[in-house]
Each structure stands twice: as C-alpha cells, then as structure tokens.
Amino acid sequence: MTTALTPSRRQFLTGAAAIAVAFSVGTGVAEADAGDGLVRIDDTAGEADQSWLVLTEDAITVYSGKVELGTGVQTSLTQIVVEELRLRVGDVRYVQGDTLLSVSQGGTTGSKSIQNGGVQLRQAAATAYGELRRRAAAALHVDADKLSAADGVFRAKGRTVSYAALLRTGSSVLPLDAAEPVLAPRDYKVVGTSQPRVDLPGKLDATFAFLHDIVPAGTLHGRVVRPPGRNSRNPVIGNLDRAQAVEGFVDVVQHDRFIGVVAATEWAAARAAAPDTGITVTWSDGPALIPQADLPTALRDPANHYATVVEIDDGVDPLFAQADTVLAAQYFTPFQMHATMGASTAVADVRSQPDPVTGIQATIWSGTQNVTALRGAIAGLLGLKPAAVRVIYEESSGCYGHDGVDDCAADAALLSQAVGAPVRVQWRRQDEHGWEPYGGAQAHDMKGVLGKHGITAWSHLIYAPTANSRPSAGNPGTLLAGALKGLLPDPLPASSVDTSGRNAPITYDIPQHVEARLIKSFETTGPASAAPVAPLTYRIPRTTALRSLGGFSNSFANESFFDELAHAGGHDPLRLRISSLPDPRAVKVCTALLQVWDHRPRGGDGVGAGVAFHQYEVVNAYVASYAEVHIDATTGKVQVDRVVVAHDCGLVINPDGLRNQIEGNVVQGISRTLKEEVQYTGDGITSLVWQSGTPGAFYDVIRFNEVPRIETILVDRPDQPPLGAGEPTIGTIGGAIANAVFAATGIRVRELPITPDKLLGGTS
Amino acid sequence: MPTRTVRLNGKTVQADYESAGSDSSPSSEQLLYWLRNRQGQHGPRFGCGIAQCGACTVLLDGAATRSCVRQMHTVPDQADIRTLDGLTDGAEPHPLQRAFVSLQAAQCGFCVNGMVMGSLGWLESRIAAGNQAVPTEQEIKDFLSGAAPDNTRNYLCRCGTHTRIVAAIRTAAKEMLG
Ligand code: FES
Ligand code: FES
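Those protein sequences? They're chains C and X, same order as listed.
Residue 464 in the numbering used here sits at position 459 of the first sequence, with consecutive numbering throughout.
Residue 142 in the numbering used here sits at position 126 of the second sequence, with consecutive numbering throughout.
Do not rely on the hints blindly, as some may be mistaken.
[Claimed, not checked] Here are the computed distance ranges between Cβ atoms for each label pair:
1. X:K190 <-> C:D319: 54 to 62 Å
2. X:S141 <-> C:G575: 51 to 59 Å
3. X:G37 <-> C:G701: 49 to 57 Å
4. C:G223 <-> X:G37: 23 to 31 Å
5. X:M17 <-> C:A638: 31 to 39 Å
6. X:D77 <-> C:L765: 25 to 33 Å
7. C:T212 <-> X:K190: 23 to 31 Å
8. C:S153 <-> X:S141: 29 to 37 Å
[What the hints assert, rightly or not] Anything over 12 Å on all C-beta distances counts as not near chain C; from chain X, calculated:
9. T21
10. K27
11. G70
12. D77
13. P92
14. D101
15. N147
16. E153
17. H178
18. E191
19. M192
20. L193
To be clear, the hints were calculated from the coordinates, so they are not data collected in a lab.
Note that this is a predicted model, so its numbers are computed, not measured.
Glycine included, each C-beta is placed from N, C-alpha and C at the ideal position.
Take the sequences, apply the hints, and build the full model.
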C-alpha cells in the first residue's frame with residue numbers, strides 16, 4: 006500500500022520525500038494509519054500504538070515512545086536497523102519519549118526494549134528495504150532479485166542507483182509488512198558484533214546533555230519539604246519571614262501535605278527550604294508503619310492481606326499428604342531501593358494559558374519510563390486536559406525500574422503552576438532515599454518433597470506487597486505530590502502474576518503449587534478491599550517496580566530452597582538442576598557452568614561456591630550463575646570472589662553491550678544480597694544517606710573493592726528471537742551467593758541481606 | 017554579592033556568588049552550583065550533595081574536590097579549577113576519556129565524571145610525588161572505595177560498571193606513565 010503523505014505527515018517527516026513504515030511494539034503487525042495526521046495530541050493518544058521508521062535523504066529516524074535507560078539499547082536497535090538496510094553502522098536518529106511527537110508504546114520496562122522493540126523494528130527496516138528495492142528495480146529496469154545492495158547503493162548489471170536518489174523519487178507510507186523477508190542470521194554483518202555505544206564519547210567529555218543539564222531561560226529552582234513520616238499530618242509552616250528574607254526567594258507553595266519552596270537560584274531554594282535557614286514545618290504524628298523488625302511475621306499475618314491468588318496448582322496436596330517427610334523453610338527479603346545515582350530532577354513550565362498554536366499549556370522534562378502515563382497523571386494534578394500537557398523524556402541516571410523521577414516531575418509541575426514560571430526541582434539525596442517508591446519486602450514459605458531421584462513436589466507461598474505503583478494516566482493520586490495533596494492512589498493490584506510473583510513459579514519439571522497473599526500497603530475500605538481509604542494511611546512504605554520486580558526475592562527463595570533439598574537428598578546441586586530441567590536451553594546454561602563447578606573450592610572452611618538458575622519470567626532469557634565466596638572468620642563479612650554467569654537471551658545483538666549489562670546485574674545483585682536494606686522507625690525512613698560517619702542508619706551499597714571477578718558465558722542463538730537482558734541475571738545472584746555461603750560455612754541464611762551478624766550469630 | 021575569579025580549565029573566569037551569615041560564621045553557594053549554573057559546566061553532577069558519591073568531583077588546585085559541599089568563600093581567588101568539560105585538549109581526548117570509551121566503562125554514565133576526575137587527581141599527584149608505578153588493580157579499587165592511604169572518600173556507581181571502570185583507569189594510567 007502506498008499513499009501520498011497527508012499535510013500533517015509532511016510536518017512530521019523531516020524531508021519532503023521519504024519512506025515511512027509504521028510498526029508497533031509488543032503486538033503483532035501494526036496497522037498503517039492512512040487517515041488523519043499521526044502526530045496528534047488528544048485524549049486517547051495513549052491507546053494508539055505506533056512507532057515510525059522514517060527514511061529520508063538526510064536521515065534515518067525512529068520515532069518511538071521507548072526510551073533509552075542507560076543500557077545501550079539505542080546502539081543495539083541501530084544495529085538491527087542498519088543490518089536490514091544493508092548499511093554499515095551509521096547514525097540512526099531517535100525521537101523518543103515526547104508526547105508531542107511519538108505515540109506511546111507503553112514504558113521501557115522489564116528489560117524488554119530489544120525483545121519487543123527489536124523484532125518489530127527489524128521487520129520495519131525490512132519493509133523499508135523492500136520498498137527501496139522495488140524502487141531500485143524500477144529505476145534500473147531489472148528484476149528485484151537481480152539487485153545487490155551495499156553501503157547505500159543498489160547495483161545490477163554494472164549500473165547503480167543510490168538510496169538517496171531513490172528516496173527523492175517520492176513518498177510512501179507503509180504498514181509493517183510481516184511477509185517481507187528479513188536477513189538470515191548467517192548473513193549478519195553488524196548484528197552480533199560489539200559495536201561501541203553511541204552515547205559514550207559525549208558522556209566522557211560532558212557534551213552529552215542529561216536531563217539535569219536542561220535549564221530553559223528564566224527557570225527558577227524548587228525544593229520540596231517532605232513530612233517526617235509517611236503518615237504525618239496537619240503541617241504548620243513557621244519561620245516564613247526567614248525564608249522570605251533569603252535573597253532570591255520567590256514563594257512557598259502548599260497543597261495540604263505537599264510543601265515546596267521556589268527561589269531564583271538553587272542555593273536560595275535550598276536555604277529557604279532548610280529548617281535551620283528557612284521555613285520550619287511542624288507536623289502531627291500519624292500512625293506508625295508495621296515495625297521493621299516485625300516484617301517477617303507481619304507479612305504472613307492474614308490481617309495484612311487483602312487477597313489470595315493461586316498462580317499455579319498442579320494438584321500437589323496428595324503428594325505432600327503421602328510423603329514421609331516434607332521439608333519446609335521460610336525466607337525473607339527486605340525493602341530495597343533503586344537509589345539512582347543522580348537525585349531525581351525535573352523541569353516544568355506551566356503557563357497560565359495554552360499556546361495558541363500547539364494548545365500546550367504545560368511542558369515537562371522528565372526521566373520517566375512512560376511519557377504518556379505521566380502526561381495524564383500530571384494533567385489531572387494540574388487540572389488540565391492531557392492534550393494541554395507535553396512530556397519530554399530526557400535521559401537521567403540509571404533507574405532500574407520505577408524510581409523517583411515521575412514524582413519529581415509532579416513536584417516541579419505543581420511549583421511551576423503556582424509561581425507562573427518554569428521551575429527545576431532537584432531532590433536532595435535524602436528526598437530520594439526517603440521517598441522514592443521502593444522494591445517490596447517479601448516473605449516466602451517453601452515446602453518440598455524428595456523422592457529417590459530428585460524433588461517430587463514443590464510449594465511456594467509468597468507474601469508480597471505491590472510491585473507496581475507506576476503513575477496511571479487517569480489518576481494524579483498515583484503521584485507522590487498527588488497523594489500528599491490529599492488524593493488517593495490506585496487500588497492495589499488484583500494479581501501477583503509476573504509482578505510481585507514474577508519468577509515465583511519454577512520451570513523445573515516438578516509439580517508445584519504457587520500462591521500469593523497480597524499485602525495491604527495502606528488502610529483500605531474493608532478487610533478484603535484493595536481500595537485506599539482517606540486519609541491515606543500507609544502500613545508499609547510505598548512499593549513498586551524495582552529491577553525484576555518480585556523476581557529477585559522469589560528466585561532467591563526458590564534457588565536457596567532447591568539447594569536445601571539437593572543437599573538433603575545427597576544430590577549435587579547443579580546436576581540435580583540439570584536433571585530436573587525439561588528445556589534444552591535451560592539445561593545448556595547449567596551445563597555451561599559444569600566445568601567451573603567441578604573445580605570449585607571444596608567448601609566448609611569459610612570458602613565455598615554455589616549456583617542458581619532461573620528462566621526470567623518463566624518464558625524469557627535463561628540464566629545460570631556461579632558464585633564463589635569467602636567469609637572472614639573474625640568479622641563475619643562475606644566477600645564474593647568470583648561470579649560466572651551463563652546466559653541465553655536468544656540472538657545476541659551486541660555481545661559487549663550484553664556483557665556490560667550482565668556485569669551490572671551481578672554487581673547490583675551482590676549489593677542487594679549482602680548489604681541493602683531500607684531502614685525505618687515509626688513511619689519515617691531513617692536510611693536517608695549512602696553512608697554515615699556517625700552511628701546512624703544509612704543505605705549501604707557495594708564498594709569497588711567488594712566487586713569480584715566476573716565472567717560471562719554467552720550462549721548465542723542466532724536463530725532465536727532476541728530476549729531482554731536488562732534484568733534476567735540479577736534474580737540468580739541472591740541464591741547463588743546464599744548457596745555459596747552455605748557451602749562455605751554450613752549456615753543457611755534465609756533472610757537478606759547476608760550481613761555479618763547473621764553469620765557470626767548463626768549455627769551450622 | 018561577592019565575586020570570585022578563578023582559572024577554569026585554563027581560562028580566567030569571574031562570577032558572583034551568593035553568600036550569607038556573618039564574618040564569624042559565613043556560608044555561601046556551593047562550588048558545584050557556581051560551576052554548573054554560572055559557568056555552564058556539565059561535567060560535575062549533583063548526585064548526593066553530601067560528599068558521599070563523587071559525582072560532583074572537580075580538581076581544585078590539583079586536588080580531587082567534592083564540589084557539592086565546597087562553599088565558594090572557601091575557594092581562593094585565582095584558584096585553578098579543572099572539570100571534565102575541559103579535559104579534552106584541543107581535539108585530543110585525555111587517556112582517561114579514551115580508555116573509558118574504548119573499554120565501554122559506563123552504563124548510564126552519570127557517575128563517570130567522579131571516576132575520571134577523581135582518578136585524574138590521584139594519578140597526577142602520585143606522579144608528581146615521584147611514584148612512577150602503574151597502580152595495581154587492588155590499589156585502584158581501594159582508591160575508589162575510599163580505602164586508600166591517600167583517599168578516604170568513596171566513589172559510587174549504581175549501575176555496576178565497577179570492573180570496567182577499574183580496568184579503564186589502569187589502562188589510562190599505563191598510558192599516562194608510558
Ligand atoms: S554530589 Fe558531591 S559527592 Fe555526591
Ligand atoms: S554508570 Fe550509571 S551510575 Fe555508574
């Protein structure tokens with residue numbers, strides 16, 4: 006299908022003559038939109054589901070709602086596009102994450118950018134190539150199959166025509182053609198090679214602009230003043246005169262419990278917001294959260310549940326009933342944070358009137374993972390129509406899920422609206438650590454039965470808070486500022502499947518029962534209700550999507566318990582995994598570790614090794630990890646000395662980029678296994694900084710001299726679709742280390758993090 | 017408003033800075049804000065504001081300095097300040113920049129300002145003190161962990177790029193000493 010470009014499309018495309026291919030991410034084949042202009046801001050834009058690959062003489066451009074999140078995704082997507090176009094690595098421009106220019110494909114989440122985007126983008130590039138080839142055949146008067154292409158030129162019978170010349174011949178808007186052939190993997194020249202990241206040179210000479218570097222002319226600076234606790238109420242602002250006396254002071258903004266300060270400069274804003282130089286706020290105490298020390302018990306208490314979800318029931322009850330011995334164990338992981346490196350930052354420019362041409366009244370620059378959802382939520386917060394709000398994604402520091410950036414954008418929007426000027430908000434580190442939405446604490450009750458040849462029945466009961474409180478387009482209460490303003494968040498989710506329950510099921514060939522008890526994060530309208538009640542009163546800190554969601558905790562429990570059963574039955578833990586796995590690809594990543602496993606330290610003398618396996622989300626990438634540890638006999642400190650990861654994520658686009666991501670998963674996984682735990686007392690978070698010189702809570706993360714040697718074994722599957730690699734590995738690290746600690750000491754640590762006190766106090 | 021004149025990446029620059037308090041307990045705008053907002057520098061970054069991560073590191077008279085806590089009234093007039101923005105010499109990247117790119121020693125890249133500028137100050141002062149040895153991997157790790165005799169400040173990377181960062185610094189050190 007070829008249609009002339011409508012005028013609105015001409016505006017959208019950078020050149021007059023072009024090939025534009027519509028595709029969508031996450032679904033099958035996209036529909037080409039031959040109707041109205043594509044780029045349209047309206048209330049239902051979020052339902053449209055299209056990206057565009059556009060070739061003009063000057064540029065190859067991908068318009069996408071997907072955003073790069075520090076994982077080199079853009080470089081890999083570029084490799085995919087140029088491969089199908091028979092080009093060498095060159096520049097592909099990405100217009101991404103701007104609600105004015107691209108339509109949403111949902112967020113960049115769950116390490117799926119390549120997995121969902123890559124396959125569709127490849128087909129889009131093949132479609133564009135097919136159109137170029139048809140034009141070339143016509144231009145050179147030959148059959149298309151007589152043409153060869155390289156470096157932007159078609160050749161046949163000694164004659165040539167360039168892509169540029171072909172593009173000049175007219176415009177085509179095409180639907181994605183699923184029948185257009187793609188290159189065979191054996192013909193790949195660019196995919197599968199380690200291309201350097203396109204963004205790095207600019208990040209090393211400070212010419213790359215992060216979100217934090219965006220400061221439109223006339224921008225004021227904002228700081229927020231949070232309550233001391235989750236449930237603090239009735240703020241009373243004092244010492245306003247002191248803030249007003251700060252040179253450059255502009256305003257103090259209050260909406261119920263949302264309080265912020267705006268000033269002409271960062272320093273003035275910081276001073277006007279600080280209790281010793283600016284405003285002071287007194288609060289009345291709200292109810293305490295469930296005490297941190299009680300969490301393992303309280304998560305299991307039915308009074309804290311609103312629903313039960315049976316994820317899998319293979320009918321294991323009789324197997325347990327008939328068994329001579331049922332082995333059981335309980336596990337726990339604490340609240341942990343994303344703790345992004347750069348404190349959350351945003352800029353908002355909210356005008357009193359919409360722009361007469363674009364209709365835009367509020368422009369927001371944010372590091373959000375989902376521009377469309379954030380646009381809707383902020384529109385509601387400001388009392389505007391979504392069409393009047395433009396959200397522009399700008400790259401921030403690595404986020405590893407839903408962190409503080411959306412909430413910070415809402416802060417900036419409220420402050421900008423109040424003062425009628427653009428406002429940049431930068432959280433303090435203490436705002437980030439104290440108020441970002443965390444990864445949930447989870448508890449696990451495991452049961453298993455051993456037969457002669459292995460495990461014959463398996464049960465996993467998880468107790469899990471929500472793993473998704475992302476902004477939702479229709480509810481500003483999903484933003485922290487909205488909640489502080491008195492709005493209510495969305496009801497808690499009805500299911501755990503692939504969220505808090507991600508990787509709770511095992512892929513071993515063992516009958517299993519997987520069940521989740523969903524935790525009431527806040528007071529709800531009734532015992533079995535998931536809906537919040539006003540005033541919003543938290544029982545536990547707010548939780549959301551942190552790298553691999555429940556997968557980190559669930560796999561820690563599964564893989565530790567598998568180890569317990571293997572040892573109880575006298576099995577080699579790695580070989581029992583191999584014999585229990587029905588999928589050859591799963592077996593392959595495990596056998597890839599056999600060599601290192603068979604040369605492992607023998608264990609028992611403070612040095613030991615462990616393994617863990619999972620298939621991410623049960624159906625995606627396969628990962629097996631080996632960890633070697635030693636434990637300092639005096640201090641009880643665990644040092645990980647070596648990690649080997651065997652990884653199969655299908656077709657490997659960029660091996661070095663993939664290794665970089667796996668290494669990052671390993672390091673963050675070690676940190677979460679050995680160190681990280683959100684601390685709180687009453688309803689106030691106390692782990693507000695990275696380290697503490699004086700005694701006091703802090704959020705401890707791994708240091709350079711605690712990082713081990715990391716080796717990666719990539720199982721390349723050129724004939725298989727590429728699978729996401731941003732999250733699969735992290736879930737194997739907790740189990741591998743805990744199993745190594747057991748091998749080294751005989752102590753089974755079932756609660757993370759594995760801190761020295763647990764080993765010094767433990768018994769083997 | 018008081019004014020400060022410094023050498024920034026080899027050029028003399030001048031700008032006001034905010035200050036408050038009394039002569040006996042003065043306080044003033046942090047060097048980080050002054051560099052970013054008044055001098056257009058983008059290399060030093062706000063990570064924590066409490067000297068715990070290294071993202072804001074600049075060289076102040078040769079010493080790695082956490083600019084997020086350094087107040088302007090304590091920065092001497094005529095001080096020599098170097099930032100990542102000025103590290104490229106003409107068109108020629110510094111060995112540290114080259115090594116970080118060639119070893120792909122970043123994920124999000126937000127932290128690398130700290131590792132590059134911090135290790136630059138460290139390596140240059142070792143060399144100035146007559147130490148011509150290429151630091152070992154362990155020495156580099158201890159330096160970045162704030163566990164070295166000559167550095168107690170920790171550098172953070174939340175993305176987990178540690179092994180590549182250490183390798184890049186060692187590669188660059190070899191070149192700087194070669
Ligand atoms: S921002 Fe200065 S050390 Fe973190
Ligand atoms: S690369 Fe992201 S914090 Fe270091």
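A quick look at each hint next to the structure:
As the Cβ distance of X:K190 to C:D319 is approximately 58 Å, the hint placing it in 54 to 62 Å holds. Restraint check, X:S141 to C:G575: a C-beta distance of roughly 58 Å satisfies the suggested window 51 to 59 Å. X:G37 and C:G701 have their C-beta atoms about 26 Å apart, which leaves the hinted 49 to 57 Å range violated. Taking the beta carbon of each, C:G223 and X:G37 are about 29 Å apart, inside 23 to 31 Å as hinted.
Between X:M17 and C:A638 the beta carbon distance is about 59 Å. The supplied range of 31 to 39 Å is therefore violated. At roughly 45 Å, the beta carbons of X:D77 and C:L765 sit outside the given window of 25 to 33 Å. Checking the proposed 23 to 31 Å range against C:T212 and X:K190 shows it holds: the Cβ atoms sit about 26 Å from each other. Checked against the hint of 29 to 37 Å, the pair C:S153 and X:S141 fails, with Cβ atoms roughly 58 Å apart.
For X:T21, the non-interface assignment is confirmed: its Cβ lies about 19 Å from the closest Cβ of chain C, beyond the 12 Å cut-off. Every CB of chain C is more than 12 Å from the CB of X:K27 (nearest about 16 Å), matching its label as outside the interface. Taking the minimum C-beta to C-beta distance to chain C, about 10 Å, the non-interface status of X:G70 is violated against the 12 Å cut. Even its closest Cβ contact with chain C, about 21 Å, leaves X:D77 beyond 12 Å, as expected for a residue assigned away from the interface.
Every beta carbon of chain C lies more than 12 Å from that of X:P92, the smallest distance being close to 20 Å; the non-interface claim holds. Not every Cβ of chain C is farther than 12 Å from the Cβ of X:D101; the closest lies at roughly 4 Å, contradicting the non-interface assignment. For X:N147, the condition that its CB be more than 12 Å from all CB atoms of chain C holds, with the nearest at approximately 20 Å. Consistency note on X:E153: stated as away from chain C, yet its beta-carbon is not over 12 Å from all of that chain's, at 10 Å minimum.
Distance check on X:H178: its Cβ comes as close as 4 Å (rounded) to a Cβ of chain C, failing to clear the 12 Å threshold; non-interface status is violated. Every C-beta of chain C lies more than 12 Å from that of X:E191, the closest at about 15 Å, which supports listing it as non-interface. The Cβ of X:M192 sits about 16 Å from the closest Cβ of chain C, beyond the 12 Å cut-off, so the non-interface label holds. Its beta-carbon lying about 20 Å from the closest one in chain C, X:L193 satisfies the requirement of being farther than 12 Å from that chain.
Hint check: violations occur at hints 3, 5, 6, 8, 11, 14, 16 and 17; the rest are consistent with the structure.
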